[in-house]
Amino acid sequence: MPSINDILILLPEIYLVVAACVLLLLDAWLKPGQKGAVHWLSILVLLVGAYLVVSGQPASSVTAFGGMFVRDGVAEVLKLFSLVITAMIFVYARPYLKERAIPFGEFYTLTIFATVGIMFLVSAGSLVTSYLGLELLTLSSYALVALNRDSSLSSEAAIKYFVLGALASGMLLYGMSMVYGATHSLDLHTIHAAIVGTEWKTLLLFGLVFMITGIGFKLGAAPFHMWIPDVYQGSPTAVTVFIGSAQKLAAFGMAYRLLSTGMGDAAGGATGLAPQWQLMLAVLAVLSLAIGNLVALVQTNLKRLLAYSTISHMGYLLVGFVNAGPEGYSASMFYAVSYALTSAAAFGMIIVLSRSGFECEEIDDLKGLNQRSPWFAFLMLLIMFSLAGVPPLFGFYGKLLVLKAAVDAGMLWLALVGAVAAIIGLYYYLRVVKVMYFDAPTEGTDVRATADAPARWVLSLNALALLVLGFAWSPLLTWCERAFAG
Amino acid sequence: MSNHLLSLLIWLPVVGAIPVLLAGNGRPGLARWISLLVAVATFAASLALIPAYDATTGTMQLNESMSWIPSLGINYSLAVDGISVALIILTTFTQILVIVGAWEIIQNKPHQYMAAMLMLEGAMIGVFCATDAMLFYVFFEAMLIPMFIIIGIWGGPRRVYATLKFFIYTFFGSIFMLVGLLYLWHKTGGSFAISDMAAVHLTLTEQSWLFFAFLLGFAIKVPMVPVHTWLPDAHVEAPTGGSVVLAAVMLKIGGYGFIRFSLPIAPDASQHYEWLIIVLSLIAVCYIGYIALVQQDMKKLVAYSSIAHMGFVTLGIFIAFILVRETNNPDAARLGMQGAMVQMISHGFISGAMFSCIGVLYDRMHTRQIKDYGGVINVMPIFAPFYVLFAMANSGLPGTSGFVGEFMVILAAFSANPWIALFAAFTLIIGAAYTLWMVKRVLWGNVTNKHVAELKDVNGREIFMLSAFAAGVLLFGIWPEPLVHLMDASVARIVEQLAITKV
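Residue numbers (the working numbering), protein chains in the order written: chain E, 1 to 486; chain B, 487 to 989.
Hints are computed from structural coordinates only; laboratory data are not their basis.
Each hint should be verified, as a subset may be incorrect.
[Said to hold, decoys possible] Partial pick of chain E residues on the chain B-facing surface, computed with a CB cut under 10 Å:
| id | residue |
| --- | --- |
| 1 | Pro374 |
| 2 | Phe385 |
| 3 | Pro391 |
| 4 | Leu403 |
| 5 | Lys404 |
| 6 | Val407 |
| 7 | Gly418 |
| 8 | Gly470 |
| 9 | Ser474 |
[Stated by the list, open to error] Heads up, simulated SDA-like pairs for lysine to any residue below, C-alpha to C-alpha not over 25 Å straight-line:
| id | chain 1 | residue 1 | chain 2 | residue 2 |
| --- | --- | --- | --- | --- |
| 10 | B | Lys651 | E | Ile423 |
| 11 | B | Lys651 | E | Asp365 |
| 12 | B | Lys651 | E | Ala290 |
| 13 | B | Lys595 | E | Asp365 |
| 14 | B | Lys673 | E | Met411 |
| 15 | B | Lys673 | E | Trp413 |
| 16 | B | Lys651 | E | Arg431 |
| 17 | B | Lys595 | E | Asp446 |
| 18 | B | Lys595 | E | Ser460 |
| 19 | B | Lys651 | E | Met411 |
| 20 | B | Lys673 | E | Ala282 |
| 21 | B | Lys651 | E | Asp439 |
| 22 | B | Lys595 | E | Gln371 |
| 23 | B | Lys651 | E | Leu297 |
| 24 | B | Lys651 | E | Gln299 |
| 25 | B | Lys651 | E | Val295 |
Because the structure is a prediction, the values reported are computed rather than measured.
Cβ atoms here follow ideal geometry from the backbone N, Cα and C, with glycine treated the same way.
This is chain E alone, in the form it adopts within the complex (with noise of 0.2 Å):
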């Protein structure tokens, strides 16, 4: 029987799926014209969940079932700006869904079950419950890639998606099983302890090969990316911004449960497969670097483009995990709380640039922006700057913690090939502002920003963030280390 101290624990999760099934029942129930009270229903809920999160935080690391979920400052961190990020989603697909026809309750409630995923994902305590979590999201992704039924190339990125995403899974539960046969256990925690004395090296070596490759496609780490173009480009851009922030940070939580808690080195001595895996992620984290960056400078779609500069931004995020110590923990969770806000003001800003029958999907529609529209013009320039990593842009203090984990894990080299990674970058980046800035608007386009003044507003203040994070960074830096440090 669970204690109620068990449930307390989980509350947060339990009330978001209670009030997702309520928000599926009220859309069943809701007039056509009324069903505009969803969507600030489910930002409301999305919100009060932050809250619970917050205000439920204990002090310290708790577990409940047994030890199957984990509630600490790693899960707090998480999961306030999974829910966050996604409240801010919301906003912003709420005029691509009207204008689109769209069906709005569907993409409420499957939103917020995937983020109930993400919330299992960086609380699992046990193989399973990151199994389920990792489930629980994807499936939401899938349908919710292909929510666009009309669109082929929608449905062609749920296919690609699923497929690859449910090989990529199998991957995943292959090498659990045989990381349960080496340990006998589940449990992440037992299984760290049993590392040591196993006389099954070897098998335990294979099942930590196929969970990279599984946490490699979750991430979008190259040679594990082929679906984030397709899938990026193909999905409604409502999607797409949650695939391309929220997640990122769900892929970060699974990466440092299965390999860190699971695997990784107690401080003051090697005792777990630490140095093995730095190794592989260390040559995941270089592929994605050079193929993410080589690949988005000959791109003409912009969600392609920031497809491929996701993947090296998950290089870069590799860069500092592969440190496998507290510093570079927190200075990849850094960076993965600073790629997610950028990175869903980015694809804001392509939805907030669209309207129906005309997608901001070419960098060449973006020709001339700021002739038309000065302010969006400049929020696209903080963006494109922050991804760059120029100070004194958010992004460029996430660059500068995971290169100085590096250096100080001893790999000066992999600091370098991301220094190097980074001019290339800076390339593709530039060429945006370029157009907006430089060139001359298109004859017979007429780019302008969305009339709906919330996601108008909602996504000034994710840019300006960019700016003032810039600045005022120390008290995420200093919550990142406290969360890894206990």
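Dock chain B against the given chain E, drawing on the hints supplied.
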């Protein structure tokens, strides 16, 4: 107030840019006046540095320190020495003239132009004030964004190519410097303070890596041969104001960086590779001078002459190692270093003035080709004397500021090695050749075509701008004492540090 003077200097122009932007495209007059007001206020505030700064000790003064990122040991710490004070005043002075110079010339979105210039000014002052390496880096990079926009929007036909090249080139240099700084952070045990980095012991191998990391960052900025190729493009395509700021201030940041980072942090590696820098500097002085000689485009000519003149700065800085460590002649080292600093300030005035003059001609004729001009003196009798004066200063005529720095560096070089001095002195010939030949072709002779015949002479605004530059050029040419005095003690401290080995 005085204990926040440096913060005021940095943030006044940055914050002042906001009302300029808000004035919008509809009220260009308002935007111009606000930006002029902000620039003048910043200049006035920078003059307050002179009484506030005690030039007799040469230490870092007017300290401000605030914890920025406590867990990484990054501080918002500012301080200035004599060299910084001189460069800050040069920056704020130039800025006023840039805004005056752009007054009616920039018609396309003047508010954005002025705002970008003011933000650029704040970042440049920040570079000269920062005593925390990470803060320095942030300002150093933040500078690129407004300059990128300035060249890209208001530049010439090939502006996009030039501005991308400028940004990527500079970013390329500085990112390796960032990795170097992170390595130093690791070595110092968690401090980004430049003084801590200077105090930490490093092997020659470590120093060499760091030296080259810094060299890449600063040599591109100066720029030194062979990483100078972005400069002619950027200068030619930039609007007049962009060229003026680029030449007068941004290039100096490279020389400033050598003094702040390379010399104190990697002194032994600097000594080890001094020959490299000296050879590259002499190539800049001689070979780039020849390249300037054959230019058809006035802006390109001045751009190449800038590279040649900046060669003196790097030469003056690095011969100090020969003088201090090999011939044991610290006085000559001080003279050379002093000369390098005077050359930085003087080149700021002269190159700013030359680009402004070319801007005046370009605004009327819309061409920078030397062959399109001829006999300009006949139609612009007020403008011509200014042009001649700046050209003379550019070729290092005694009595102008251009002479002082070069002469000091050549004297010091003579003590180090007469051959170096011989090659360096080459500039007096080649510099005179390319500058005076340009003057001959542009100003003298008969009016060559009807476009020149229709030229109108300079108006009051332009006279003000050129007179201000002329005042600077003549003042420091005839009476360099105040400038030398301001920087002398700080230079002496740097030379003392050179003698101390860190290995």
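Here is what the structure says about each hint:
1. Using the Cβ-Cβ criterion of 10 Å, the hint placing Pro374 (chain E) at the interface with chain B is satisfied: the shortest such distance is roughly 8 Å.
2. Of the supplied interface hints, the one on Phe385 (chain E) holds, with its beta-carbon coming within about 6 Å of a beta-carbon of chain B, less than 10 Å.
3. The beta carbon of Pro391 (chain E) is positioned within 10 Å of a beta carbon in chain B (closest approach about 4 Å), and the interface hint is therefore held.
4. Interface hint at Leu403 (chain E): satisfied, since its Cβ lies 6 Å from the closest Cβ of chain B, which is below the 10 Å cut-off.
5. Interface hint status for Lys404 (chain E): upheld, as the beta-carbon distance to the closest one in chain B is roughly 5 Å, under 10 Å.
6. Hint status for Val407 (chain E): holds, given a least beta-carbon distance of 5 Å to chain B, under 10 Å.
7. At a threshold of 10 Å, the smallest CB-CB gap from Gly418 (chain E) to chain B is about 8 Å, leaving the interface hint in force.
8. About 9 Å separates the beta-carbon of Gly470 (chain E) from the nearest beta-carbon of chain B, less than 10 Å, and the hint is met.
9. For Ser474 (chain E), the interface hint holds, the least distance from its beta-carbon to any beta-carbon of chain B being 5 Å, beneath 10 Å.
10. Proposed proximity of Lys651 (chain B) and Ile423 (chain E) is supported: the alpha carbons are some 12 Å apart, at most 25 Å.
11. Proximity of Lys651 (chain B) to Asp365 (chain E) is assessed by CA-CA distance (about 24 Å); at most 25 Å being required, the pair is judged to hold.
12. Our distance criterion of 25 Å between C-alpha atoms is met by Lys651 (chain B) and Ala290 (chain E), whose separation comes to about 21 Å.
13. A threshold of 25 Å between alpha carbons decides the hint, and for Lys595 (chain B) with Asp365 (chain E) the separation of about 22 Å falls inside it, so the pair holds.
14. Restraint check: the Cα-Cα separation between Lys673 (chain B) and Met411 (chain E) comes to about 14 Å, which is no more than 25 Å; the hinted pair holds.
15. A threshold of 25 Å between alpha carbons decides the hint, and for Lys673 (chain B) with Trp413 (chain E) the separation of about 17 Å falls inside it, so the pair holds.
16. For the proposed pair Lys651 (chain B) and Arg431 (chain E), the alpha carbon gap of about 12 Å is at most 25 Å, so the pair holds.
17. At most 25 Å may separate the alpha-carbon atoms for a hinted pair to count; Lys595 (chain B) and Asp446 (chain E) meet this at roughly 20 Å.
18. For the proposed pair Lys595 (chain B) and Ser460 (chain E), the alpha carbon gap of about 22 Å is at most 25 Å, so the pair holds.
19. For the suggested pair Lys651 (chain B) and Met411 (chain E), the alpha carbons sit about 30 Å apart, so the restraint of at most 25 Å is broken.
20. Our distance criterion of 25 Å between C-alpha atoms is met by Lys673 (chain B) and Ala282 (chain E), whose separation comes to about 23 Å.
21. Distance check on the hinted pair: Lys651 (chain B) and Asp439 (chain E) sit about 17 Å apart at the alpha-carbon level, within 25 Å; holds.
22. Proximity of Lys595 (chain B) to Gln371 (chain E) is assessed by CA-CA distance (about 9 Å); at most 25 Å being required, the pair is judged to hold.
23. With a CA separation close to 15 Å, the supplied pair Lys651 (chain B) and Leu297 (chain E) stays within the 25 Å bound.
24. Pair hint Lys651 (chain B) plus Gln299 (chain E) holds up; C-alpha atoms about 20 Å apart against a cutoff of 25 Å.
25. Our distance criterion of 25 Å between C-alpha atoms is met by Lys651 (chain B) and Val295 (chain E), whose separation comes to about 20 Å.
Hint 19 from the earlier list is the only one contradicted by this structure; the remaining hints agree with it.
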